[in-house]
Amino acid sequence: MADSHDLGKAGEAQAAEHLKKSGYRILKRNWTSGKNEIDIIAENKEFIVFVEVKTRTESLLITVGDIVSREKQKSIIQCADKYIKWYNVSKECRFDVIIVIKTGDNYKIDHIQDAFYPTLR
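Residue numbering for the sequence shown follows the numbering used here, beginning at 1248 and increasing consecutively.
Careful, some of the hints might be misleading.
[What the hints assert, rightly or not] Okay, the calculated beta carbon distance ranges per label pair:
no., residue 1, residue 2, range
1, Ser1316, Arg1272, 26 to 32 angstroms
2, Ser1269, Thr1304, 21 to 27 angstroms
3, Tyr1334, Glu1305, 23 to 29 angstroms
[As the list claims (entries may be wrong)] Pairs of lysine-lysine residues, derived as DSBU-like cross-links and limited to a Cα-Cα distance of at most 35 angstroms, are as follows:
no., residue 1, residue 2
4, Lys1275, Lys1319
5, Lys1268, Lys1321
6, Lys1332, Lys1275
7, Lys1282, Lys1338
8, Lys1275, Lys1329
9, Lys1282, Lys1319
10, Lys1256, Lys1275
11, Lys1292, Lys1256
Everything labelled a hint here was simulated from the structure, so no lab data went into it. All values reported here derive from a predicted model rather than from experimental measurement. Idealized CB from N, CA, C, for every residue including glycine.
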């Protein structure tokens, strides 16, 4: 279990670094509301971006729906709603997924913008 946790944390660090290099400012990491959590909250000039990070050790053909279930999407959306209200966010929001594939000492980043939409009820 510790290996999986360490892999996840390393992936989140890689994702945050990728976002910074892409011009985003990291606002929060591992932001929680109740039992819900968002891995990374970042912003650029246009958007507040709520990011779910998934880290794997091998590349498989997967879809966002396979990697972030509808239930997890709902959880992220609910948490984002709390964040938006708490911080009085006025920017447009977006939900991204960053998939980090670790092979040996190397990391490959797949940043999926607008991975899902806050229409799930």
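Do the hints match the structure? See the list:
1. Ser1316 / Arg1272: 26 to 32 angstroms: holds (29 angstroms)
2. Ser1269 / Thr1304: 21 to 27 angstroms: holds (24 angstroms)
3. Tyr1334 / Glu1305: 23 to 29 angstroms: violated (37 angstroms)
4. Lys1275 / Lys1319: holds (19 angstroms)
5. Lys1268 / Lys1321: Holds - the C-alpha atoms of Lys1321 and Lys1268 are around 29 angstroms apart, at most 35 angstroms.
6. Lys1332 / Lys1275: Holds: Lys1332 and Lys1275 sit about 15 angstroms apart, inside 35 angstroms.
7. Lys1282 / Lys1338: holds (25 angstroms)
8. Lys1275 / Lys1329: Between Lys1275 and Lys1329 the Cα gap is close to 14 angstroms, so the pair holds against 35 angstroms.
9. Lys1282 / Lys1319: holds (11 angstroms)
10. Lys1256 / Lys1275: holds (14 angstroms)
11. Lys1292 / Lys1256: holds (27 angstroms)
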